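Novice: In case you want the letters, here they are:
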Amino acid sequence: MKHTVDIPVQDVVPHERTVLRAMGVPRDREPGEQVARVLEEARDELRSLARPRGIYAEVSPRDFARIYRGDGDNERPNPLESIFPRADHLALFAVTLGAGVSDRIPDLFGEGRLALGATLDAAASESVELAAERLQRVVAGKARPKGGGAHASGRGAPDARTLRYSPGYCGWNVTGQRALFSTLGPEEVGIRLLPSCLMEPLKSISGVMVTGPVEIHEFENDFPFCSECRTKECRARIQSLRHEAPGIRMPTEGNPNGAA
Amino acid sequence: MELLEQIAKELESGDDKAVGSLTRSALEQKTEASIILNEGLIAGMQVVGDRFRDHEIFLPDVLLAARAMNAGLALLEPLLAESDTPARGKVVIGTVKGDLHDIGKNLVGIMLNGAGFEVIDLGKDVAPREFVETARETGARVIGMSALLTTTMPSMKEVVSLLKSEGLNGTVRTIVGGAPVTEEYARDIGADAYGFDAANAVERVRELTN
Ligand code: B12
Ligand code: SF4
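Read top to bottom, the protein sequences are chains A and B.
Counting from 1, position 106 in the first sequence corresponds to residue 110 in my numbering; the numbering is continuous, with no gaps.
Counting from 1, position 141 in the second sequence corresponds to residue 446 in my numbering; the numbering is continuous, with no gaps.
Quick caveat, the hints were computed from the structure, so don't treat them as lab data.
One should not assume that every hint holds.
Claimed, not checked - Chain B is faced by these chain A residues, among others (derived, beta-carbon under 7 Å):
1. Gly28
2. Leu118
3. Ala119
Every value quoted in this text rests on a predicted model; they were computed, and no experiment measured them.
Heads up, the beta-carbon is just placed ideally off N, CA and C, and yes, glycines get one too.
Work out the full structure, taking the sequences as your base and the hints as a guide.
Specialist: This is the structure in C-alpha cells:
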C-alpha cells in the first residue's frame, strides 16, 4: 500500500553550517557579515517556498528484484544486490521539496542575485536530504514497531537499521528510476520523471529504504566503479550504523544538535 | 588609491554599490570604458578567481564579487558595445538536451564573464544543433557543455560530432563539465577539454583560446 507524508518545513531547514559546508566552505571558517545575511535570506526563502512531501510503499523482495534489475543497466557486482535479499523490510520512496524552491533558484540567477541563488540551491539540496531522513524515520518506525520487539511477522529485529539507496549511486543505474516510478507513482506527490531520468522538481530524491540487521548494510568499497567515486559516502554511513542510534540526523533548525 | 585600483578592491570585497558609484566616477573622469573594464573590474575578478582557486575564499564570496562586477558592467556595457572593443572571445555555454540542472553551468558562466569572456548562455535543455548554430552565428571560439546525469551526457558527443561534420571542429573548440563528467569521458568523445570546477573552466578556456 502507498502512503503519502507531509513533512513540516521547519524540520527540514538545514543549519547555516551545513549550507556553508555544502558550498565548499571549510568548517572552521566564520562567514563574513554579507555572507551571513545571504544565508539567512536563503533559509527564509526555503521556509516560505518549500512544501516537503514524500511517498513510500512496501515491496516484496521478489518485486524489488525486478524493479532493481530495471533496464538491465546496473554495474555488476554492486553492493545493493547482496544487501536487499537479506533485508527484513523494503520500501520504495520518493521525496520532494515541491516546485516552488526549484523554480525560484533560476529566477534569482536571472535577477542577478547570484549569491542568494547559489545559497538557496545548496540549502535546498541539503533540505531535501533532510526530508528523506524524515521519511526514513517514518518508514523505520513501520518496519521496526515501537517497543523494540520484532514485527508480528518476525521481521524488524530490535537492532535493525534502516538505510536508503538511490538509483544513480553505487552501481544502481539511474535508469532504474523508470521501474521505480511505474510501481510507486510519485506523481501523486508532484514528482515527474522525464525521459532522461531527471526528476522534476529538481530538488527530489528517489530510492529504496532497506531495513535489516546492521551487518547487511556493511560492505567493502572495492567495486570497480568506486575508483571514480568522489565522496566515498558509504564509509560514513556504515560507520554511523555502528556508533550511533538508528535515525541519527544532521543539525536542523528545530534540532540544532542533530540528535535524533 | 587610484580609482581603478579602488574599483578592483571594492569588487573583491563584494560591495556592489561602491563598485557602481566608483565606475560612474571613473566614467565622469573620462576614463575609457575598456580601461575600467580591464584594469578595474577584470583585474579585481582575477584576484577573486585566484584566491578562490587557492581556497583562500569560497563560493559565496565569489558570487558577491560577481554581483559587484555586474553592477559596474551594467554601466560599461552600452559604451563597450558602441566602441566595439574586442572581448577575450565569445563562449557559448548551456546544459545539454534533457538536462535541467543549471547551477554548475551558471557558475562557470559567471567566472568566464569575470575573466573577460563574452558568455552566450543558452540556458538548459539545449539541443546539439542549437549549440553549433549559435557558435557559428556569433563567431564563438568555444562551446561549453554541462550535464548532471550520465543519461544526458551522450548529447555532448553529438555536439562534437556535429561540429566535425560541419567542418567547424578546428575553429570552435569544446569543453565539457558537470558532476558525472570526467577527463576520460571528455577524451573518449573527442572534446577538446574538461573542467572540474568553475575556476578550472576559466583556465582551460584560456588555454583553448590562446
Ligand atoms: C547536491 C546533489 C543532489 C541534490 C540536488 C540536485 C540538483 N540538481 O539540484 C539532490 C539531493 C536533490 C540530488 C538528487 C539526485 N541526484 Co544528485 N548529486 C548532488 C551532488 C552531491 C552535488 C551536485 C551539485 O549541485 N553540486 C554543486 C554544483 C555547483 O556543482 P556542479 O553542478 O557539479 O558544477 C560544477 C562542476 O561540475 C563544473 N561544471 C559544471 N558544468 C560545467 C560545464 C563546463 C563546460 C565546465 C568546464 C565545468 C562545469 O563547475 C561547476 C562549478 O564548480 C552530486 C555529486 C557531486 N559531488 O558532484 C550528486 C549527483 C549529481 N547526483 C546524482 C544522482 C544519481 C542523483 C539522483 C538521480 C538520485 C536519486 N535517485 O534520487 C537525484 C536526481 C535529482 C533529479 N532531480 O533528477 C549523481 C549523478 C550521476 C549519475 N549516475 O547520473 C551524482 C553525480 C552523484 C554520484 N552518484 O556520484 N542530488
Ligand atoms: S565508494 Fe562510492 S561508489 Fe563505492 S560503494 Fe562507496 S559510495 Fe558507492
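Novice: Measuring from the C-beta of Leu118(A) to each C-beta in chain B, is the shortest one below 7 Å?
Specialist: Because about 4 Å separates Leu118(A) from the closest Cβ in chain B, which is inside the 7 Å limit, the hint holds.
Novice: Can the hint on Ala119(A) be confirmed by a CB-to-CB distance to chain B that is less than 7 Å?
Specialist: 4 Å, holds
Novice: Does Gly28(A) pass the interface hint, meaning its C-beta sits closer than 7 Å to a C-beta of chain B?
Specialist: 6 Å, holds
Consistency note: the structure conflicts with none of the earlier hints.
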